[in-house]
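Chemist: Residue-level listing of the chains:
Protein chains: 2
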Amino acid sequence: MTANLLILGTGLIGTSIGLALRGEADVVLDDADEQALSVALSRGAGRRWNGKEKVSHAILAVPPRHVVPEYLRLREIDAARTWSHVASTQTAVQRELESAGVQLTTFCGSHPMAGKEQAGPKAAAADLFQGRPWALCPGPTTTARTVAATRLIAEICGAEPLVLPAPEHDLAVALVSHLPQVAASAVAAALLNDPQAGAAAIRLAGPGLQDTTRVAAGDPELWVDVLSQNAAAVAPLVRALALELARTADALDQVAAGPREDPAGASPAEALRGLLRRGNAGRRLVPLKQGKHDRDFTIVPVGVPDQPGQLAGVLHSAAEAGINVEDVRVEHLVGRPRGVIELLVHASAESHARAALSAAGWDVLG
Amino acid sequence: MTANLLILGTGLIGTSIGLALRGEADVVLDDADEQALSVALSRGAGRRWNGKEKVSHAILAVPPRHVVPEYLRLREIDAARTWSHVASTQTAVQRELESAGVQLTTFCGSHPMAGKEQAGPKAAAADLFQGRPWALCPGPTTTARTVAATRLIAEICGAEPLVLPAPEHDLAVALVSHLPQVAASAVAAALLNDPQAGAAAIRLAGPGLQDTTRVAAGDPELWVDVLSQNAAAVAPLVRALALELARTADALDQVAAGPREDPAGASPAEALRGLLRRGNAGRRLVPLKQGKHDRDFTIVPVGVPDQPGQLAGVLHSAAEAGINVEDVRVEHLVGRPRGVIELLVHASAESHARAALSAAGWDVLG
Numbered sequence: 001m002t003a004n005l006l007i008l009g010t011g012l013i014g015t016s017i018g019l020a021l022r023g024e025a026d027v028v029l030d031d032a033d034e035q036a037l038s039v040a041l042s043r044g045a046g047r048r049w050n051g052k053e054k055v056s057h058a059i060l061a062v063p064p065r066h067v068v069p070e071y072l073r074l075r076e077i078d079a080a081r082t083w084s085h086v087a088s089t090q091t092a093v094q095r096e097l098e099s100a101g102v103q104l105t106t107f108c109g110s111h112p113m114a115g116k117e118q119a120g121p122k123a124a125a126a127d128l129f130q131g132r133p134w135a136l137c138p139g140p141t142t143t144a145r146t147v148a149a150t151r152l153i154a155e156i157c158g159a160e161p162l163v164l165p166a167p168e169h170d171l172a173v174a175l176v177s178h179l180p181q182v183a184a185s186a187v188a189a190a191l192l193n194d195p196q197a198g199a200a201a202i203r204l205a206g207p208g209l210q211d212t213t214r215v216a217a218g219d220p221e222l223w224v225d226v227l228s229q230n231a232a233a234v235a236p237l238v239r240a241l242a243l244e245l246a247r248t249a250d251a252l253d254q255v256a257a258g259p260r261e262d263p264a265g266a267s268p269a270e271a272l273r274g275l276l277r278r279g280n281a282g283r284r285l286v287p288l289k290q291g292k293h294d295r296d297f298t299i300v301p302v303g304v305p306d307q308p309g310q311l312a313g314v315l316h317s318a319a320e321a322g323i324n325v326e327d328v329r330v331e332h333l334v335g336r337p338r339g340v341i342e343l344l345v346h347a348s349a350e351s352h353a354r355a356a357l358s359a360a361g362w363d364v365l366g
Numbered sequence: 001m002t003a004n005l006l007i008l009g010t011g012l013i014g015t016s017i018g019l020a021l022r023g024e025a026d027v028v029l030d031d032a033d034e035q036a037l038s039v040a041l042s043r044g045a046g047r048r049w050n051g052k053e054k055v056s057h058a059i060l061a062v063p064p065r066h067v068v069p070e071y072l073r074l075r076e077i078d079a080a081r082t083w084s085h086v087a088s089t090q091t092a093v094q095r096e097l098e099s100a101g102v103q104l105t106t107f108c109g110s111h112p113m114a115g116k117e118q119a120g121p122k123a124a125a126a127d128l129f130q131g132r133p134w135a136l137c138p139g140p141t142t143t144a145r146t147v148a149a150t151r152l153i154a155e156i157c158g159a160e161p162l163v164l165p166a167p168e169h170d171l172a173v174a175l176v177s178h179l180p181q182v183a184a185s186a187v188a189a190a191l192l193n194d195p196q197a198g199a200a201a202i203r204l205a206g207p208g209l210q211d212t213t214r215v216a217a218g219d220p221e222l223w224v225d226v227l228s229q230n231a232a233a234v235a236p237l238v239r240a241l242a243l244e245l246a247r248t249a250d251a252l253d254q255v256a257a258g259p260r261e262d263p264a265g266a267s268p269a270e271a272l273r274g275l276l277r278r279g280n281a282g283r284r285l286v287p288l289k290q291g292k293h294d295r296d297f298t299i300v301p302v303g304v305p306d307q308p309g310q311l312a313g314v315l316h317s318a319a320e321a322g323i324n325v326e327d328v329r330v331e332h333l334v335g336r337p338r339g340v341i342e343l344l345v346h347a348s349a350e351s352h353a354r355a356a357l358s359a360a361g362w363d364v365l366g
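Protein chains in written order, with this note's numbering: chain A, 1 to 366; chain B, 1 to 366.
The hints are simulated quantities; they were obtained by calculation from the structure and are not laboratory data.
Misleading hints may appear alongside valid ones.
What the hints assert, rightly or not - Looking from chain A toward chain B, a few residues come up when the C-beta cut is under 8 Å (computed):
hint: 1; residue: Ser56
hint: 2; residue: Ala201
hint: 3; residue: Val224
hint: 4; residue: Leu227
hint: 5; residue: Glu244
hint: 6; residue: Val286
hint: 7; residue: Val304
hint: 8; residue: Pro305
hint: 9; residue: Ala321
hint: 10; residue: Ala355
Beta carbons: idealized from backbone N, C-alpha and C, even for Gly.
Excised from the complex, chain A in its bound form:
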């Protein structure tokens, strides 16, 4: 890739792309925010665009609502041969381009599935996209050449390009990220509804509540934007979740009311069982690592005093025994003087792991 590339917008994503392409392309940068541009330039993400130089490809790394206005402005001066954006929603931008009368032949939407809690060019990193999925969402008339230029950028950034029509992309991120966020926020918010009950509950809380509500700690302003931009895709999923829960509440009410007279009706226990089984099946689809799933793994729990260095000790013993620890959880409970370290290992390695850790003097449980 020797032709020029323009990155418009030197925030976290734009600057990270520039850093990842260093030595691979001649990158020029521009941003309406002179301070952000200076940081990106000083970090070596590219050289300053003079506002006239024509490039082979331009990436519009600006907030979604600025993509179309910036494109129309730059197209006036015929700045690039092909174009892409990196917004987290695709359909809305595509529709806005169409209503502005734009031919989508030289335009490809894209969405790198990478981010950070911090924003801005200071937080940018050349390896931000390494191994991450990068959705490519061409429109119906986008040319192969335009898609190829966009794909090449994703590949040089070390990402895994994945072609998805815009509506499928928007639905996928709604399912995988936006719906879990709404659910986690609502479960966490339920702890506030009855302060007395919430306070008692928290004294009994365990790892289930911790995991289920982890993403509820996310930044509300960021998430209002994300949810609003993808509202059309998220709304029906949240609606369906609400209906599923309303039906579950009906079943629980029936169970609480005691056995029914009508033997022809569906048993409320069967309704609960159905939800739980479908939950099992859905969970089995969730990848833990490189396409591996829950069923491939088993947990080896080790009891340890709740003191510094125990985790390192257990993992050191595991490494010495040649055990590949895929993941690890540390389970603490309120007021608990002793912790449990759960090692996730491949099911076939379980007996070796148990034997080796016991031999090394660890308290392997269960």
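Got chain A; can you put chain B on it based on the hints?
Modeler: Quick look at chain B alone, frame taken from chain A:
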């Protein structure tokens, strides 16, 4: 504690109590299931009850629906002076005792917050209750002596006793465990609703979906029982969650429909912001460890090649530098050749941890 104790029911909980009390009390065991009783006896959880010997205290460690019948049977022969049970729901058992005309003076409900995926006496362990909360739920007329006997057992087992009225207990476990289970199952089940969308979504999935759906892998039969036993407490919480989500879906629909004409109405973005902020506040209540919360901690992310031994290496360096790692997460993504190890450290230790790990040659990110 020198007086006799009868444990009726030698499943996971009953046998674990017997093992924990070894050397501390003279424990006699009974179970209608002779095979389970044999395992518990052979593991040293106690000696066989002859069906006549009177004891100071009897623990009814049987499934909730058997508590009252077994109590009435044993009371006939005046087997114990005080009584307790260990069922996961309290109000239903208390009400059943009351309708059987039982005076609750010598009876104390209790619930050790401990369990395992495996059931039965083979999975029992003396340290099952170590550091775990153990709810004590006396009725309005339960004597102090009865509560004290129950509390003593919890204490010898190494648990943290916590007195809670039965309805508060049932609401607390509903909030902290049963509601998150239902929500996680429903979010995981949503991946099945549209198989094509689910398949695309899974290729974009990250740690948010993994955490939010983890407990959805739980055993459906076990959870049908748990939810059914506490249906009266769980139903209104699930109903309220469904309403919260229905309101959120309304707000998302309004956002998707575009700006409204009516400036007097509440902004839908404000409704979303409200949910996310309440989610933040709820999450801050969730204890991570011994009363510490999200706000006390910060994450130090370290990039590593996805190879065996990296986790041990990072934690060894942390231990050598005197860093107390409170928790650790390993973040893998589908197709990602490189992992990120996130160390949870006290916020005050962040800069030291970053400096020490960098000095040890690790790639501390962000």
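Chemist: Could you work out which of the previously given hints the structure breaks and list their numbers from low to high?
Modeler: 1, 7, 8, 9, 10
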